[in-house]
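Let the sequences and hints guide you as you build the complete structure.
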Amino acid sequence: MNTMMNRRDARKNHRCVKLMIALVMMTGALLAGCYESSKVVLHKPGVYKGPTDPLVAKQASPEQQQQLLARFNQVQTDR
Amino acid sequence: MARMKFLCDAERCIECNGCVTACKNEHEVPWGVNRRRVVVLDDGVPGEKSISVACMHCTDAPCAAVCPVDCFYTTPDGIVLHNKDLCIGCGYCFYACPFGAPQYPQASAFGVRGKMDKCTFCAGGPEPDNSIEEYKKYGRNRIAEGKLPLCAEMCATKALVAGDGDVVADIYRKRVLKRGGRPQTWGWEVAYKG
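Taken in order, these protein sequences are the chains called A and B. Counting from 1, one number per residue, gives the positions in the first sequence under the numbering used here. Counting from 1, one number per residue, gives the positions in the second sequence under the numbering used here.
Just so you know, the hints here were simulated from the structure itself, not pulled from any lab data. Some clues are possibly wrong.
[Claimed, not checked] Within a straight-line C-alpha distance of at most 25 Å, the following computed PhoX-like cross-link-like pairs (lysine-lysine) qualify: (1) LYS49(B) with LYS84(B); (2) LYS58(A) with LYS137(B); (3) LYS49(A) with LYS115(B); (4) LYS137(B) with LYS49(A); (5) LYS147(B) with LYS158(B); (6) LYS58(A) with LYS136(B); (7) LYS174(B) with LYS84(B); (8) LYS58(A) with LYS147(B); (9) LYS49(B) with LYS24(B); (10) LYS49(A) with LYS136(B); (11) LYS24(B) with LYS158(B); (12) LYS49(A) with LYS84(B); (13) LYS84(B) with LYS58(A); (14) LYS174(B) with LYS158(B); (15) LYS24(B) with LYS178(B); (16) LYS49(B) with LYS174(B); (17) LYS136(B) with LYS147(B).
Bear in mind the structure is a predicted one, so any value in this text is a computation, not a measurement.
Structural data, given as structure tokens:
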């Protein structure tokens with residue numbers, strides 16, 4: 001009689017353990033779906049991302065500066 | 001290296017709106033967008049003053065600081081320009097600018113904003129100088145042609161001056177002295193005291 005009872009308990013315990021394992025695995029699977037990606041796009045503030053303006057190279061030349069100054073004196077000075 | 005600046009002499013501006021018209025015509029600015037406009041202070045009251053306002057090409061531009069896609073860049077001459085291909089039309093620059101310079105054309109229905117548009121100091125954008133693409137997006141590139149902004153060049157009373165900040169400041173200082181003003185109440189020494 002006792003051996004029969006022990007077998008039943010053992011089966012019950014075995015089922016409980018199986019159920020627990022299944023629950024843990026399901027919880028793990030659920031949590032895995034909610035994780036946050038560690039790959040973040042970082043923007044450096046104030047750093048221009050587009051192509052370079054050809055005017056930037058042009059402005060470095062002293063001829064361009066002289067031309068603009070001459071234009072200013074020609075058109076915008078008080079008269 | 002020059003630092004390009006606009007200056008509007010309120011004593012000389014007669015609110016003719018010639019600068020506004022010149023800008024719109026030169027760059028074929030779309031309907032509803034005014035890169036430059038004349039603001040009247042104390043309108044109708046004796047002693048009213050008018051000033052022509054556009055992008056002031058700030059040295060530390062707040063529009064560039066708040067742009068989430070970093071579409072702004074500053075040329076070595078200090079001209080603040082932007083790239084319309086990168087602009088997402090979020091409107092942050094509009095809220096950051098103290099002069100109301102950034103504006104948006106109504107691109108489609110339901111108030112959807114188009115790409116931001118602002119004064120370029122007649123220096124175009126990042127496309128090849130004086131190309132069709134540049135003209136369509138930003139207007140004419142007069143700086144690349146060795147010319148200065150048309151709004152200032154068209155100003156009949158020479159109220160609006162655009163060019164090297166040092167030269168512009170020198171002209172204004174002479175004007176103030178001629179008018180019998182008090183040049184000791186402004187300038188670098190006053191602005192950056194101590």
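Right, here's what the structure says about each hint:
{"no.": "1", "hint": "LYS49(B) with LYS84(B)", "verdict": "35 Å, violated"}
{"no.": "2", "hint": "LYS58(A) with LYS137(B)", "verdict": "20 Å, holds"}
{"no.": "3", "hint": "LYS49(A) with LYS115(B)", "verdict": "16 Å, holds"}
{"no.": "4", "hint": "LYS137(B) with LYS49(A)", "verdict": "18 Å, holds"}
{"no.": "5", "hint": "LYS147(B) with LYS158(B)", "verdict": "16 Å, holds"}
{"no.": "6", "hint": "LYS58(A) with LYS136(B)", "verdict": "21 Å, holds"}
{"no.": "7", "hint": "LYS174(B) with LYS84(B)", "verdict": "40 Å, violated"}
{"no.": "8", "hint": "LYS58(A) with LYS147(B)", "verdict": "13 Å, holds"}
{"no.": "9", "hint": "LYS49(B) with LYS24(B)", "verdict": "23 Å, holds"}
{"no.": "10", "hint": "LYS49(A) with LYS136(B)", "verdict": "21 Å, holds"}
{"no.": "11", "hint": "LYS24(B) with LYS158(B)", "verdict": "19 Å, holds"}
{"no.": "12", "hint": "LYS49(A) with LYS84(B)", "verdict": "12 Å, holds"}
{"no.": "13", "hint": "LYS84(B) with LYS58(A)", "verdict": "21 Å, holds"}
{"no.": "14", "hint": "LYS174(B) with LYS158(B)", "verdict": "14 Å, holds"}
{"no.": "15", "hint": "LYS24(B) with LYS178(B)", "verdict": "34 Å, violated"}
{"no.": "16", "hint": "LYS49(B) with LYS174(B)", "verdict": "20 Å, holds"}
{"no.": "17", "hint": "LYS136(B) with LYS147(B)", "verdict": "19 Å, holds"}
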